[in-house]
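A.B. asks: Using the sequences provided together with the hints, build the complete structure.
Chains as they are written, first to last, in the working numbering: chain A, 1 to 310; chain B, 1001 to 1084.
Don't take each hint at face value.
[Unchecked claim] Short derived list, chain A residues pointing at chain B, Cβ under 8 Å: (1) Ser-84; (2) Leu-87; (3) Asn-88; (4) Thr-89; (5) Ser-104; (6) His-114; (7) His-117; (8) Leu-136; (9) Thr-232; (10) Lys-233; (11) Gly-235.
Because the hints were derived from the structure by calculation, they are not lab data. Every residue, glycine too, gets a C-beta built ideally from N, C-alpha and C.
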Amino acid sequence: MGIVKVNNIPWANISKVNGILTADFANIMGESVPEASFADDYSVAKSITTGTGQAVRIADSDGHFNFLHNQAYTISFWIKPGWSANLNTNIHLFSSTTVGSTSSTANMIRIYYHESHNRLYFQYKSGSTNKTNFYLFHSNSGNHAAAYAAAGLGASYWSAANRGNVGDNDFTMITVAKSTTNSAGASYAKVYWNGTWLGNGHYGANGTGTGTPILTSDDRQIALGSNTWTYTKSGDSTETQFNDLTIWNKQLSATEISELYNSGTRLDATGHSAASNLQLYYKFENDGTDSSGNSGPAFTLSGNSNFESL
Amino acid sequence: MKYYITTTEVFETLNKDNIQYAVYSIDKSKYIVITSDTLDDVLFAFNDASSLSIYTFDNAVDWVGDNTGIEESEFDEIEYIEGL
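C.D. replies: Here's what the structure looks like:
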């Protein structure tokens, strides 16, 4: 039997013993030590009201997030839609642009859902150039069949009333894993619903776009649930919730993404097999701080956006 | 390209190969259409993408559920695909 209490204090409430982190104990005098607990009690609810005064955002100023067009990275988050079938426009799930910019083309990287066409887009831009692909969920044929099967939405569009295949608490894990190639095509930027690859997407292995975007190393502002130039496009009806945002400095493999999905139960990403590549990690356990160990900037929640109990 | 709002009935008769962008209104009674064809039977015609975008922001209740509008960039980026 493992250690349950020390001097009548529950082991779960002890962070250090004689200055040593409990996480660093393999065992004490042959006694097994319980693994560090991982709490998943809160998510972020993004207000459907728009503007910076209602945003869920960070404004990095020290290079923690400034990926280039030719760098590999992975962005993953869990989402519980709050929008309705009458949204009829797009909702931005993840957006980043140059810090302080009000332009949609300043080193822009975004993942957004266009409700009126039932398409999930991954796109990055620099000036008039961009790389793009999208994934359509209601057509069970051709390039779209994989996304149709992965999402499980059927013929109806993605919304609060039709969340498709979900993990714990009705959240879906959306992941974009980009390679070093300057392309949003499915051979280079793979998009996953939970742990399942969405296939080639509409524009296929090479994607589409205009010109050759060259992103610079300027620091970026990041928003969940809105864009980062007008802080609009946040949905309608009810608040969309986000949880466990991880950003990695490599293209995670399908196996590593499956490990992160963990059969639908959010896990402590610092224990993931690729944890050494974890760049930023936001658990949103009633605070917006970074848990990656890299001392990244914290998310701020403004206005009616709030941490919400699961 | 030319910028229009048509009824849904008129939209159904259009040559879909020439449409760059199309989106229906929230009540699905009419369409915003950007096409290379010249249309006569329309509810509104606009001089350019900017004018059309401004119209959607001014009349958001008809077109989008979040009380914003359709940004000009969407006209280029949300490609119309017949049947999808």
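A.B. asks: Look at each hint and say if it fits the structure.
C.D. replies: Checked hints:
1. Ser-84: holds, 6 Å
2. Leu-87: holds, 4 Å
3. Asn-88: holds, 5 Å
4. Thr-89: OK, holds: Thr-89 of chain A within 8 Å of chain B, min 4 Å.
5. Ser-104: holds, 7 Å
6. His-114: For His-114 of chain A, the interface hint holds, since the closest Cβ of chain B sits about 6 Å away, which is under 8 Å.
7. His-117: This interface hint holds because 6 Å falls under the 8 Å limit.
8. Leu-136: holds, 6 Å
9. Thr-232: holds, 5 Å
10. Lys-233: holds, 7 Å
11. Gly-235: The hint holds - Gly-235 of chain A has a Cβ within 8 Å of chain B, the shortest such distance being about 6 Å.
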